[in-house]
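Make the full structure from the sequences, and use the hints.
There are 2 protein chains.
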Amino acid sequence: METAWDDQLRTAGLRVTRPRLSVLGVLAEHPHVDADTIATAARAVHPSISPQAVYGVLKALVGAGMARRIEPAGGTARYELRVGDNHHHLVCRGCGVIADVDCVVGAAPCLAPSDAAGFAVDEAEVVFWGLCADCQVARRQHSNATSTATGEGVRS
Amino acid sequence: METAWDDQLRTAGLRVTRPRLSVLGVLAEHPHVDADTIATAARAVHPSISPQAVYGVLKALVGAGMARRIEPAGGTARYELRVGDNHHHLVCRGCGVIADVDCVVGAAPCLAPSDAAGFAVDEAEVVFWGLCADCQVARRQHSNATSTATGEGVRS
DNA sequence: GTCCTTAAGTTGACTCACTCAAGACAACAC
DNA sequence: GTGTTGTCTTGAGTGAGTCAACTTAAGGAC
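Same order as they appear, the protein sequences are chains B and H. As numbered in numbering that gives the first Met the number 0, residues 0 to 155 make up the first sequence, in order. As numbered in numbering that gives the first Met the number 0, residues 0 to 155 make up the second sequence, in order.
Calculated directly from the structure, the hints in this document are not laboratory data. Just so you know, not all the hints are guaranteed correct.
What the hints assert, rightly or not - FRET-style restraints, in silico, Cβ to Cβ:
{"id": "1", "chain 1": "B", "residue 1": "Thr2", "chain 2": "H", "residue 2": "Val96", "range": "42 to 52 Å"}
{"id": "2", "chain 1": "B", "residue 1": "Asp133", "chain 2": "H", "residue 2": "Lys58", "range": "24 to 34 Å"}
{"id": "3", "chain 1": "H", "residue 1": "Val82", "chain 2": "B", "residue 2": "Val61", "range": "26 to 36 Å"}
{"id": "4", "chain 1": "B", "residue 1": "Gln51", "chain 2": "H", "residue 2": "Val96", "range": "30 to 40 Å"}
{"id": "5", "chain 1": "H", "residue 1": "Lys58", "chain 2": "B", "residue 2": "Gly93", "range": "13 to 23 Å"}
{"id": "6", "chain 1": "B", "residue 1": "Lys58", "chain 2": "H", "residue 2": "Arg9", "range": "45 to 55 Å"}
{"id": "7", "chain 1": "H", "residue 1": "Ser49", "chain 2": "B", "residue 2": "Arg9", "range": "49 to 59 Å"}
{"id": "8", "chain 1": "H", "residue 1": "Ala116", "chain 2": "B", "residue 2": "Gln140", "range": "13 to 23 Å"}
{"id": "9", "chain 1": "B", "residue 1": "Leu80", "chain 2": "H", "residue 2": "Gly73", "range": "12 to 22 Å"}
{"id": "10", "chain 1": "H", "residue 1": "Gln135", "chain 2": "B", "residue 2": "Arg14", "range": "28 to 38 Å"}
{"id": "11", "chain 1": "B", "residue 1": "Glu28", "chain 2": "H", "residue 2": "Ser49", "range": "41 to 51 Å"}
Stated by the list, open to error - With a straight-line cut-off of 20 Å between C-alpha atoms, the simulated SDA-like cross-links for lysine to any residue are:
{"id": "12", "chain 1": "H", "residue 1": "Lys58", "chain 2": "B", "residue 2": "Gly93"}
{"id": "13", "chain 1": "B", "residue 1": "Lys58", "chain 2": "H", "residue 2": "Gly73"}
{"id": "14", "chain 1": "H", "residue 1": "Lys58", "chain 2": "B", "residue 2": "Ala72"}
{"id": "15", "chain 1": "H", "residue 1": "Lys58", "chain 2": "B", "residue 2": "Thr75"}
Note that beta-carbon positions come from the ideal geometry of N, C-alpha and C, so glycine has one too.
See the structure below:
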């Protein structure tokens, strides 16, 4: 399937291999997944793929500009195929789920620091931290259940 | 010295111990350092402090809101004492050095995503990536030295 | 000042994400 | 079909950080 990947890989100067096609397929279906999840999902297509092969494929894809690596604080590296549009991310403090946000400004670096301190800035990475809709509901229910019983409440 | 730390620790409900005072002293002198560097520097004051104690102290300080943990992608966790003013960071792609940038807007979250996708956003973390002044000079010199010989040049 | 409770530190083993190296295999130019 | 070489597999290793059990010492009660 997905012969588009073939072309993209070849254009990037990379050989077309089953592990690479599997990983690309997984990333297309599940954006913002970590290497381990990619390896597990890719094994559904290509059972013999090794974890190290996944790391190698991801490194190659990122190096070729076909994928982007994101590393929210406190979590493992995630990968996505959406590159080149300088978008940002919403990260849930509760469950760690990540959502894309289009950049309001446009091209990178979309923001300029007030004082660049001699730095040549080429990218402004923006991560919005908060609670996703599901976790807000869960937090409210938990808070209702415990606040009446114990008075326990806020958790940073 | 630094009896201010005593008060701050007690106010935060934490006991005043030598490892904690050592770590606070190191953080005050060297902002944006990693746990290992803190442990090494703290040993100058309190030679018997264990690496695990440093992790414990840092966790306690972050939990009490006296320190902030920052994790630039591709690096280890760094810690700083500057909390509560919602400032941001400049990170050098070359040497990894980190500099503070005052937030132009003020209180957190200083930015609002264009589409919050149901998230309750409480913080916008902005990291400016680029090259510090030193690395710009080094990169230029290296580029001059090699471009004439090999034509090598750009590196994302 | 002394005693006691318990938070905090020490020690040592462990987990997890990720990297490195060597040999086997397979994509693709010819 | 053949040869080259980039890629994958296998296995060992690294480093940041965590966990658990025991020991130590901070600080309140007396």
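Could you tell me whether the CB distance from Asp133(B) to Lys58(H) stays inside 24 to 34 Å?
holds, 27 Å
If you draw a straight line from the CA of Lys58(H) to the CA of Gly93(B), is it 20 Å or shorter?
Holds, at about 19 Å.
In this structure, is the beta-carbon distance linking Lys58(B) and Arg9(H) contained in 45 to 55 Å?
About 49 Å separates the Cβ atoms of Lys58(B) and Arg9(H), which means 45 to 55 Å holds.
Satisfaction of hint between Thr75(B) and Lys58(H), Cα-Cα up to 20 Å:
holds, 19 Å
Should the hint that Thr2(B) and Val96(H) are 42 to 52 Å apart at their CB atoms be regarded as holding?
Hint holds: Cβ distance 45 Å, inside 42 to 52 Å.
Go ahead and decide if the range 49 to 59 Å is satisfied by the Cβ distance of Ser49(H) to Arg9(B).
holds, 53 Å
For the pair supplied as a hint, Lys58(B) and Gly73(H), is the alpha-carbon distance within the 20 Å limit?
holds, 13 Å
When you check the alpha-carbon spacing of Lys58(H) and Ala72(B), does it fall within 20 Å?
holds, 15 Å
Cβ separation of Gln51(B) and Val96(H), checked against the hinted range 30 to 40 Å:
holds, 32 Å
Does the beta carbon distance between Val82(H) and Val61(B) stay inside 26 to 36 Å, or does it fall outside?
For Val82(H) and Val61(B) the Cβ distance comes to about 33 Å; the hint holds.
Is it true that the C-beta distance of Ala116(H) to Gln140(B) lies inside 13 to 23 Å, as the hint says?
Holds: the Cβ-Cβ distance is about 21 Å, inside 13 to 23 Å.
Could you say whether the range 41 to 51 Å given as a hint is met by the Cβ separation of Glu28(B) and Ser49(H)?
Once the Cβ atoms are compared, 45 Å apart, the range 41 to 51 Å for Ser49(H) and Glu28(B) holds.
The structure agrees with every numbered hint stated previously.
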